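**Student:** Protein chains in written order, with the working numbering: chain A, 1 to 358; chain B, 1 to 290; chain C, 1 to 116.
Please keep in mind that the hints were generated in silico from the structure rather than gathered at the bench.
You may find that some hints are simply not true.
Under 10 Å between C-beta atoms, here's a sample of chain A residues computed to sit facing chain B [what the hints assert, rightly or not]:
no., residue
1, I4
2, C25
3, A117
4, E121
5, F124
6, Q126
7, I327
8, L331
9, V332
Calculated cross-link-like contacts (lysine to aspartate or glutamate; reagent style EDC-like; alpha-carbon spacing at most 20 Å) [as the list claims (entries may be wrong)]:
no., chain 1, residue 1, chain 2, residue 2
10, A, K177, A, E265
11, A, K46, A, E288
12, C, K25, A, E265
13, A, K284, A, E80
14, A, K199, A, E80
15, A, K284, C, D68
16, A, K282, C, E40
17, C, K25, A, E315
18, B, K58, B, D48
19, C, K25, A, E132
20, A, K269, A, E174
21, A, K176, A, E288
22, A, K284, A, E265
23, A, K269, A, D173
24, A, K188, A, E132
Here are the simulated distance ranges between beta carbons [stated by the list, open to error]:
no., chain 1, residue 1, chain 2, residue 2, range
25, C, G72, A, K284, 45 to 53 Å
26, A, P184, B, L269, 23 to 31 Å
27, A, N159, B, S242, 51 to 59 Å
28, B, L84, A, V36, 53 to 61 Å
29, A, N272, C, D68, 19 to 27 Å
30, C, P16, B, L18, 47 to 55 Å
31, A, E163, C, G15, 29 to 37 Å
32, B, L269, C, P16, 49 to 57 Å
33, C, P16, A, T167, 36 to 44 Å
34, C, R26, A, N159, 37 to 45 Å
These figures come from a predicted structure and were not determined experimentally.
Yeah, the Cβ is synthetic: ideal placement off N, Cα and C, and Gly gets one too.
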Amino acid sequence: MPRITFPFGPQHPVLPEAIQLQLTCEDEKVVEVTPVIGYMHRGIEKAAEGNPFVNNVFLCERVCGICSFMHALTYCQLIEGLMNINVPPRAKYLRVFWSELSRIHSHMLWIGLLADALGFESLFMQCWRAREVILDVLEMTTGQRVIQSSCVIGGVRRNIDGELAKTVFNLLDEFKKQWDAISPVVQKDYTIRARTEGKGILPKEQAWELGIVGPTLRASGWAHDCRLLGYAAYGELGFQPVVEEGCDSYARTLVRVREVDQSLELAYKALNNLPEGEIAVKVKGFPEGEAAVCVEQPRGELFEYARGNGTPHLERLKIRTPTFANIPALLVMLPGSELADVPVITLSIDPCIACTER
Amino acid sequence: MNGSDILMALAALALAPLIGGILRGLDRILTARMQGRIGPPLWQPFYDFIKLCAKSKKASHRGPVVWAWAYLVLTVTAWLLFVLRQDLLILLFILAFAGASLALGAFSVRSPYAHFGAYRELLQMLAYEPILLLAAVAIFLKTGSFMVGDVLGFEQPLLISLPLTLVAVLIALGIKMRKSPFDIAASEHAHQELVRGVYTEYSGPTLALIELTHWYELVLVLGIISLFWVIPLWVGIIIALSCYFLEILIDNITARLRWSWMLTVGWSLGVGLILLNIVIVEFFGLGLRL
Amino acid sequence: MPQMLSNIIRNLVRGPVTRRYPKTKRTAFPGVRGEIVVFEDRCCYCGMCSRGCPANAISMTGSRKNGDITLGYNPFACIYCGKCVEMCPCCALVMYEDQAPPRYKMERKYRENTPV
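If we strip away everything but chain A, and leave its shape as in the complex, we get (with noise of 0.2 Å):
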């Protein structure tokens, strides 16, 4: 049989993002794999530079649908550190509960997309069913459901008091109970673990080279957690990454539908623990010098680094999502698997190119 290239993407149903790979068939067989990316680039970085840095959060935050809060956490966390900025614990504790509700609903569509992708709808719906708790939460206390723009420079917009936190305690309780009835389905149905296990083999030391991050290299057995840095609360919380020596498509299931575990069990803790005070402090100054944060996004590290030269405006802003550093391991993964099962390791690495192109 001859080579037929076969476009997968930027416009295909199992993969609603702009990216192309141009894969190179031998009968089923994946032998070449081109990644084309540069579909949707929208200047954000170069339009922060033109904004004050104070309504860059807003800006930041759209850098991606999916894990905005972290986006501006990280901004904020940026500007905190180049302003030295003392931001009041109430604030971190509450930056710590929304992160965690953010990877939550991350990891919960990326089951579903999962799931979808295996044709397996209805534990497709019963993920994004689940889900809608989380942003019914991320709704009630922050004001909206994705785009949630509380977290400022400084610390958050909103509060979360007693009677609110009563709500949320019982929403997070019927989320548990939903997710008790999907979590044993992603992790011991036979089709699904046919379909994953063994596909996508990410080796460990080249996970480690090729400069992978979050969950993907987190599957291929390295306890690498940006979190372990202890940004906002992480730090007083405490908590072990969770690692998984599969190196597989499977062990990036699981350490996603563990992490769902272990976000839920901060996200109490964080409740839980809120000490009282301030959720704000006043921003007065502008940011002069250089600084660089990391934080640890749903998908894998964020990095963004920023220079201020005393006005209100950032001379420059980088923002490196963690899409594009896993790009690369799709190089490895890919070649050799069947046409079949493309979709199920470009899916593993949680692909936001929103993110990569900002």
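Use these hints to put chains B and C onto chain A, whose structure you have.
**Tutor:** Here is chains B and C on its own, set in the frame of chain A:
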């Protein structure tokens, strides 16, 4: 062929798409309910059909359209043969050729999605055709005839002596209905690596034609299943409908698997079950030929 | 497979959880950021909102001296962050809890009822 036969054929020709469409509508509602959704109205497949017909004709060239017509005509022929109580074996071969024409239609365009879909469609046929043919052979061994008319006249329900054959035919039904775990060449919805596989290049009225053919095909395969209990006929129809329900249930609890797995299941489990059934009936004398 | 079966049967028995959207709508949670309405009669034209808006959705045209100063709000550019509402000293910008209905063309719309 006499007057009543012609009338019956005409009635069957008109009724099959109606029943098939309603069954598809039921399928969509049931699937939605299993997923916790409300789902579309019962008549949604017909609305879709009308909408598709109203669209402008766009095809890359005449080839795929001709093959789509061949798919329809051959399936309808098979359905008429079934209604007119003709030979089961010929019917199955015509059905096989109908499936092949779908693959040929996909081969006649240059889209890689359609080509991969066509390869997989052929592999899919390789998986379910032996099951259907062996099922016909098992029925022949039991009733002594390949004619649907003779099966209909057979006193003892076939299910009693051929239960394993029915299980095997269920696998074939799953493949024919393109349900998980067998939605490999073309999935029910387009969230698959091949987009919609063999149907990718079809649109508008031609796609409506294929949808219509699916309704005929569905009614035909369910009809073959109901042959397993013909006296009284309503028991057979209930068996066929419960098989249909079972397929929907299985669709909702499994993910799509690969073609190699499908071939293994089709050949080992499907063919194996029928052969086992034949051996039991023939050599252990359970319900010898009357 | 058996793990999912229980989920499916539970769904089948308990009935659908979705809504027929345009007919039944979910009530908004308290404190949700929804539609922003400008009450220009209360506006003191301080310009805080237009300076603070991260999306440049609010603009001041004309000048106070000439007396032709107006406040322009573009809901299509708005990102509903609520910053302007927080900043406004004279409550001329009001945020409602339910979302603005889908619109197909630019039009200015004022509400009759009182804000929450």
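**Student:** If a hint holds in the structure, say so; if it doesn't, say that too.
**Tutor:** Going down the list of hints, with the structure as the test:
1. I4: holds, 5 Å
2. C25: Holds, about 8 Å.
3. A117: The hint holds - A117(A) has a Cβ within 10 Å of chain B, the shortest such distance being about 7 Å.
4. E121: holds, 6 Å
5. F124: holds, 8 Å
6. Q126: holds, 7 Å
7. I327: Result: violated, 19 Å to nearest chain B Cβ.
8. L331: Violated: closest Cβ of chain B sits about 18 Å from L331(A), beyond 10 Å.
9. V332: Result: violated, 20 Å to nearest chain B Cβ.
10. K177(A) with E265(A): Within the cut-off at roughly 14 Å; holds.
11. K46(A) with E288(A): holds, 18 Å
12. K25(C) with E265(A): violated, 32 Å
13. K284(A) with E80(A): It holds: about 11 Å lies between the C-alpha atoms, which stays within 20 Å.
14. K199(A) with E80(A): Not OK: K199(A) and E80(A) at ~42 Å, beyond 20 Å, violated.
15. K284(A) with D68(C): violated, 34 Å
16. K282(A) with E40(C): This hinted pair is violated, its Cα atoms lying about 29 Å apart.
17. K25(C) with E315(A): Given pair K25(C), E315(A) is violated - Cα atoms ~46 Å apart, limit 20 Å.
18. K58(B) with D48(B): holds, 17 Å
19. K25(C) with E132(A): holds, 15 Å
20. K269(A) with E174(A): Distance ~17 Å between K269(A) and E174(A) Cα, so the pair holds.
21. K176(A) with E288(A): violated, 45 Å
22. K284(A) with E265(A): violated, 36 Å
23. K269(A) with D173(A): Roughly 13 Å between the alpha carbons, so the hint for K269(A) and D173(A) holds.
24. K188(A) with E132(A): Violated, because 24 Å separates the two Cα atoms, which is more than 20 Å.
25. G72(C) with K284(A): 45 to 53 Å: Violated: the Cβ-Cβ distance is about 31 Å, outside 45 to 53 Å.
26. P184(A) with L269(B): 23 to 31 Å: Between P184(A) and L269(B), where Cβ atoms are some 26 Å apart, the hint holds.
27. N159(A) with S242(B): 51 to 59 Å: holds, 57 Å
28. L84(B) with V36(A): 53 to 61 Å: holds, 56 Å
29. N272(A) with D68(C): 19 to 27 Å: violated, 56 Å
30. P16(C) with L18(B): 47 to 55 Å: With Cβ atoms ~26 Å apart, the hint is violated.
31. E163(A) with G15(C): 29 to 37 Å: With a Cβ separation near 31 Å, E163(A) and G15(C) satisfy 29 to 37 Å, so the hint holds.
32. L269(B) with P16(C): 49 to 57 Å: violated, 35 Å
33. P16(C) with T167(A): 36 to 44 Å: violated, 24 Å
34. R26(C) with N159(A): 37 to 45 Å: Given a distance of about 24 Å, which is not inside 37 to 45 Å, the answer is violated.
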